[in-house]
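Trainee: If you want the building blocks of each chain, they are given just below.
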Amino acid sequence: MRRTPLGASPGYLNIADDALMPRIFVYFFSSTFFEEKQVSNFHELQLYMKKYESQNLQCWIDIRGLGDRELLESLGSYLSIHRLEMEDVVNAYQRPKIEEYDNHLFLISRMIFRRDEELHNEQLAFFLAADFLVTFQEHYEDVLDPVRERLRKGKGQIRTAGLSYVSYAIMDVIVDNYFPILEQIGDRLDVLEDELLSNPDVFTMQKIQMIKKELIILRRSIWPERDKINSLIRLPTEMISADSKIFYRDIYDHSIQLLDLIESYKEVTASMMDIYLSSVSNKMNQIMKVLTIISTIFIPLTFIVGVYGMNFSRTDPNTGKVLVHNMPELYSAYGYPAVLGGMLFIVILLTYYFYRRGWITKKF
Amino acid sequence: MRRTPLGASPGYLNIADDALMPRIFVYFFSSTFFEEKQVSNFHELQLYMKKYESQNLQCWIDIRGLGDRELLESLGSYLSIHRLEMEDVVNAYQRPKIEEYDNHLFLISRMIFRRDEELHNEQLAFFLAADFLVTFQEHYEDVLDPVRERLRKGKGQIRTAGLSYVSYAIMDVIVDNYFPILEQIGDRLDVLEDELLSNPDVFTMQKIQMIKKELIILRRSIWPERDKINSLIRLPTEMISADSKIFYRDIYDHSIQLLDLIESYKEVTASMMDIYLSSVSNKMNQIMKVLTIISTIFIPLTFIVGVYGMNFSRTDPNTGKVLVHNMPELYSAYGYPAVLGGMLFIVILLTYYFYRRGWITKKF
Amino acid sequence: MRRTPLGASPGYLNIADDALMPRIFVYFFSSTFFEEKQVSNFHELQLYMKKYESQNLQCWIDIRGLGDRELLESLGSYLSIHRLEMEDVVNAYQRPKIEEYDNHLFLISRMIFRRDEELHNEQLAFFLAADFLVTFQEHYEDVLDPVRERLRKGKGQIRTAGLSYVSYAIMDVIVDNYFPILEQIGDRLDVLEDELLSNPDVFTMQKIQMIKKELIILRRSIWPERDKINSLIRLPTEMISADSKIFYRDIYDHSIQLLDLIESYKEVTASMMDIYLSSVSNKMNQIMKVLTIISTIFIPLTFIVGVYGMNFSRTDPNTGKVLVHNMPELYSAYGYPAVLGGMLFIVILLTYYFYRRGWITKKF
Amino acid sequence: MRRTPLGASPGYLNIADDALMPRIFVYFFSSTFFEEKQVSNFHELQLYMKKYESQNLQCWIDIRGLGDRELLESLGSYLSIHRLEMEDVVNAYQRPKIEEYDNHLFLISRMIFRRDEELHNEQLAFFLAADFLVTFQEHYEDVLDPVRERLRKGKGQIRTAGLSYVSYAIMDVIVDNYFPILEQIGDRLDVLEDELLSNPDVFTMQKIQMIKKELIILRRSIWPERDKINSLIRLPTEMISADSKIFYRDIYDHSIQLLDLIESYKEVTASMMDIYLSSVSNKMNQIMKVLTIISTIFIPLTFIVGVYGMNFSRTDPNTGKVLVHNMPELYSAYGYPAVLGGMLFIVILLTYYFYRRGWITKKF
Amino acid sequence: MRRTPLGASPGYLNIADDALMPRIFVYFFSSTFFEEKQVSNFHELQLYMKKYESQNLQCWIDIRGLGDRELLESLGSYLSIHRLEMEDVVNAYQRPKIEEYDNHLFLISRMIFRRDEELHNEQLAFFLAADFLVTFQEHYEDVLDPVRERLRKGKGQIRTAGLSYVSYAIMDVIVDNYFPILEQIGDRLDVLEDELLSNPDVFTMQKIQMIKKELIILRRSIWPERDKINSLIRLPTEMISADSKIFYRDIYDHSIQLLDLIESYKEVTASMMDIYLSSVSNKMNQIMKVLTIISTIFIPLTFIVGVYGMNFSRTDPNTGKVLVHNMPELYSAYGYPAVLGGMLFIVILLTYYFYRRGWITKKF
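Protein chains in written order, with the working numbering: chain P, 2 to 365; chain Z, 2 to 365; chain V, 2 to 365; chain A, 2 to 365; chain D, 2 to 365.
With the rest of the complex left out, here is chain P (with noise of 0.2 Å):
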């Protein structure tokens, strides 16, 4: 979490060490024309701008690394730009927000994707107004590809129904990304479900734990993205057209579906840790009846055998006759088979006893 230096005069821009140097893309079209070009430094912007001044398009201005804060600072002043916004840019760990200013809004998004099992969670920075929408973003790799696309092959209206709805497009399709990881999520649960009945250990609770952690990420980003979409189509601006608020309230429904999957989501993540723990105190009991089963029926079964194995009675030294008859039972010819029969009896008794209150049943 890079922020500002304690004490630093607000809108210090805290560039990190390891900041990407920025790509600038500009993209110029209308309904007939589109151009694409990515220039190099702010010099080379400015002048790429002026050549298209007056000619009546549109402008998205696509800034992708964060490491140049003499770019930005030009840049910043160049499209007046507040300070503490252009702070906002470069701490990229704000919450999805809209803030309004005399001659643009200034919008955050969060763009949550996975690459190699890693949940990515980067900020998109938009500042939307008559004539320009720019873009900010730390690093190389967005969701945002469909959308320059679009523009690219100009299919559907993206071209000509202004730049309000250019940033639909863009926070649609960052909002339509977080239905597959919830999916995939989605598609882990139900693995883990059948894992939790059949086989449960402890990575089973590790990886529901993980799921939990994961849902509590995606959470954080869009209940703010939804708040922000629900005040960009109350907000009384010229700057979102009203055609396209019915496309605005088209995200709010999904973002609202989102978080209705988050939440039902984390009801079941605590379900089946409900589950997990009380299939291993079953397993506990399982093991401490076998536990039982075996001491109950053995040790009484040693100590009778440990009975007879004691040494009362020894015949006279000097005769080698009996003298001593205390163990009496060890001379009959009946005495071992009893023995051994009355230890079979006690085990028939004792597993019907363990039978009788359903501690041995057939499955075991």
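Everything labelled a hint here was simulated from the structure, so no lab data went into it. Every value quoted in this text rests on a predicted model; they were computed, and no experiment measured them. Keep in mind that the hints are not guaranteed to be accurate.
One copy or two, either will do: identical chains are not told apart, so a pair holds if it fits within one copy or between any two.
[As the list claims (entries may be wrong)] Cross-link-like lysine-lysine pairs, in silico, BS3-like; alpha carbons within 25 Å at most:
#: 1; residue 1: K214; residue 2: K267
#: 2; residue 1: K154; residue 2: K98
#: 3; residue 1: K38; residue 2: K154
#: 4; residue 1: K38; residue 2: K51
#: 5; residue 1: K52; residue 2: K38
#: 6; residue 1: K246; residue 2: K156
#: 7; residue 1: K154; residue 2: K246
#: 8; residue 1: K52; residue 2: K267
#: 9; residue 1: K246; residue 2: K267
#: 10; residue 1: K98; residue 2: K246
#: 11; residue 1: K38; residue 2: K156
#: 12; residue 1: K98; residue 2: K214
Starting from the known structure of chain P, arrange chains Z, V, A and D on it as the hints suggest.
Mentor: Coordinates of chains Z, V, A and D only, in the frame set by chain P:
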């Protein structure tokens, strides 16, 4: 969960390969007239509708199956339905909602019904305009047959009170269908409660969790349903006649009753999980008590008989005389009975001790 | 839960086969007049009402038992009661609510009272108009006798303050009837608390859960009751006189007190479950300690006596002389006392060890 | 919980048999004047009040004990107090609340103070009018002595700032009295926390639950107290001078601080229960480890010595020669040391195994 | 928690005996001017302030230490600060809040910072008027040095944007100081998470609970801080310039981010407790399995060897002949190997059984 592919233009209809071919039913009716016809394609539908065009009849187009993109698109433009609405019809996982358009209301309801022990969760989309009502559903099976039957028979005011009353009748039967599901859940909870008190096992717990999951699914549908009906009542629209609002208020009451029941059942399942868990640890206590009583009684006894099984103090190998009188008790006439008596005394003592601690009860 | 059959026209009255035949009581009264009469059918009722029609008396029709569809329908149309209201009267599982109609208020209350250890949950439906009050209930038994008695005796202002005051008196006695139920629950909780500290068993826990279930039932009735009274106070209607609103505010206070009590009791039951569960695991600890102490002391001792029971080093078979002096301790005069002493030392050592770990306490 | 009997007319005063006889104190005061008098009945009170009637003095009637119905009724009608208010005075289990009447405000506060380790929960009812303040309480003991003292001494502005300031002073001292109770609870929690870490037992848990119960009681009083003060501040009444509202805002702050503290303490008790429960299961783990280590080491050894205690291969009964060399190890010179060595090896092996699994630690 | 004694007049300043003597710093500044002076008492302060009285400079009086009642009272009346405000300054345990007075705003913030592993929770009271800003704090140490430094150096707009901007700078540095505390908590949680998965013990759990307690403390400060900033933004006052409101909105965003983090961390600690508890019961399962496997294998074997240790069937004492062939297996040449083989078979059988139940795994 079928969704529009990422990056597609909004309003693109993503028809699944296994979607059912639509069956189109049209009902024209007035207080004195009723005609029902199944048409096979859009052209036929258009012709049929032209036939009754200016006869002041009311018309319900009842479409089951969403597998024909052309039909949906043609119908959408014919009835001036927004392409985002049509997208919601096709992506049949929407939450219940209401949207107001210039010439019609767009409503989503969710029909939940049980077939073969499974809960089916089917979306019904309504387009309610002044002169037509169109409903779309994904599968052929639904819960609307009682409404169709009342239309055919003309019972009550269903043919005379306008299309907003027909919509009411449909939503009413949908919401009323939740009741038998909850009643069945209530019955299962009663059975499980008995099972919990008599002989709880791990399956009892799984059944409780299954019910909890169904309650989550039901609440996810009824909660927004209630909000939808509430918005509908407060909507300042002439689409809903003032007379029928009193009926919608009745559905609203029912949906609150359903939520109330669901919340109560959720509390009951939570309380049942508490009972289950404490009965599991109670069982464990019982098992441990048996083990401890048996071990505590027999382990010391086994030690004692072990003592008298020791080979101390043999006879003189030459003369056979006892040279070392190490264990004189072995040669005493009272040794054996004394040891047996001592062990009996220990058993009585320990039994009394366990009885006093409450480990041995009459029930045991 | 009796409900209108699915698909029936709204307002259809679904009378159960075992519904009780109505007993109809009519009370006419003014400050100076009181007459009470039981009539047996609608015709008789109509005649009786005509008798006092223009005499400026107030009238309460008190109907107990809902088993006669004809009576309900006739009365409904005679008093211009909406058929959906009548449906709510018959489907006697409604939540407390208030509905305003042109010429009357429709109210539902729930009477809860304990008979033979069971909670009875009985619906009372009110129709309060300018010149009549009609109440419907499902069974003959109720909690309204004190109100009827006050009407007969003319105590207080009950005969003079109008029908909205009579309604107040009825609702007041209904709400006040919740107090003894909660007091009894409070007493049972006190008893259970003592049981928990002295000798908790699985029945204690079941009783706690039983109380929790009753609290859920009570809250389900009082929560909407409170909302109902609150709406009633804020209702801009001349049906409720301004004077009686101060009385309704009193019921409102009582219902808040009841909810408050219920919430406190729920927190108490949760805390009792905590105590129960930890006392169960505490007992388990006690049991395990006994087992461990006994086993840890006697298992090593049994091993030692086993060692000296081994048959090593026999005498020479020919001469009887000891050939192999493998276990010389067996032949020493001090062998036996040394082993006994050694075992005593082990017992003392282990006892001290357990004492130091706090497993053996004075209490034990 | 004393309540008006079911079915009694509203406003009936249900005096308990053991209610204390009222002690009536009257304070007349102005900035320069103070007189305090105890009167014994209503008549005396009336006379005394007449004496100062037109002298523009302020009057506080301070009534302790509610055992005299006649006094309460006379006073109620003398000061035009509504009979429902008087009922609330007598049924002294009301929640803190405020009610506005034409000529006075009716307020309920709850004084909570600790005497002899018990929490006393005493109701104080206020009637605040332009020219008098009447307070009722059930018992003689209360927390208001500091206010009476300040009145007597005329310290600060208490005699000059009006009766709404006197009311403030009373409520302020009531709310401030909650602080020492919570501080004491905080101290007890600190002590319990140390106990939990050093030597938790079942009494620690009971003490935590006791504190939790006291916190529930306190919150039940302070939560509505806060609401009451808030309503009072927003009340558009001339009964409360604008100047004193700044003081009421101070009580409001205090009540929020109290709620804040209570919530924190509740979270602390929850966290302590967590620690308790996991330390119980930790102890169980320790016990089980000891048992398992001892058993696992000695049970196999006992088996081995048992093997060599078997009576196989006797000598020839006639010649004394060994006929069957079944167990030759018994006759070998190295048999006994080899077995002892083998057993030592097993002990070392198992000890190492337990050490590797972390069951035997230095601490153990 | 120092409080005004019970029953003292409101506004009484209760100075603790160990309160620090105030250090008074005064800063006069404008865009071009800066002077900083430490004065030692109220008289000196008054003189110094008179010096710059009419020079249109801005003034911040920065008082550290509250041990001098006279100074506080003199200053209070000199700057017309209400005595209840001064009481809040001295009773330094207030929640963050804002109060509006005629000529100034009164604000409370809480500075939380970590020194020597301890969280310090220090109150800062602000009085913000048109021409002066006074801050009070209890101890000498604080987090405001960066603001003082910026004032001295005149960096940014801090000397030119008015006192409401200076207040902003102070609150901003206070709120930003929460971030490193939470980051450190986040780091500790990461470490604990690894500990949980590798080798959890009772100290892990205590550390988790410690963090939970710190989170409770932090939330208690930030929650009202957020409300305060929000009220401040909405306050219709000229004390806060419109320009600086955009900056306050920035603090508001930060406080929401902080709350968001705290909530997430609380959910993480809850989930870690779940992992801890289930890993404890998992360990118990492991221990029980070892015990059960050992016991189940060796207890039956010990029984068998006990059987053949019994002393049945001795020789004739006179002739030395075997009279009773009770246990013929003892004299058979194959008796001993058969018993050994039988026991081996039992071991293999039980091992296979445990393997099939999953109790013996490769990992074990």
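Trainee: The structure should be examined with respect to each hint, and the outcome stated for every one.
Mentor: Here is how each hint holds up against the structure:
1. K214 - K267: both (10 Å within a copy, 12 Å between copies)
2. K154 - K98: neither (31 Å within a copy, 34 Å between copies)
3. K38 - K154: within (16 Å within a copy, 44 Å between copies)
4. K38 - K51: Only inside one copy: K38 and K51 sit 14 Å apart there, 54 Å across copies, limit 25 Å.
5. K52 - K38: The answer is within: 12 Å in one copy meets 25 Å, while 58 Å across copies does not.
6. K246 - K156: For K246 and K156, the Cα distance is within 25 Å only inside one copy (20 Å; across copies 43 Å).
7. K154 - K246: For K154 and K246, the Cα distance is within 25 Å only inside one copy (24 Å; across copies 44 Å).
8. K52 - K267: neither (53 Å within a copy, 54 Å between copies)
9. K246 - K267: neither (31 Å within a copy, 37 Å between copies)
10. K98 - K246: Both. Shortest intra-copy (17 Å) and inter-copy (17 Å) distances satisfy the 25 Å Cα cut-off.
11. K38 - K156: Classified as within; 20 Å inside a copy, 39 Å across copies.
12. K98 - K214: For K98 and K214, the Cα distance is within 25 Å only inside one copy (23 Å; across copies 30 Å).
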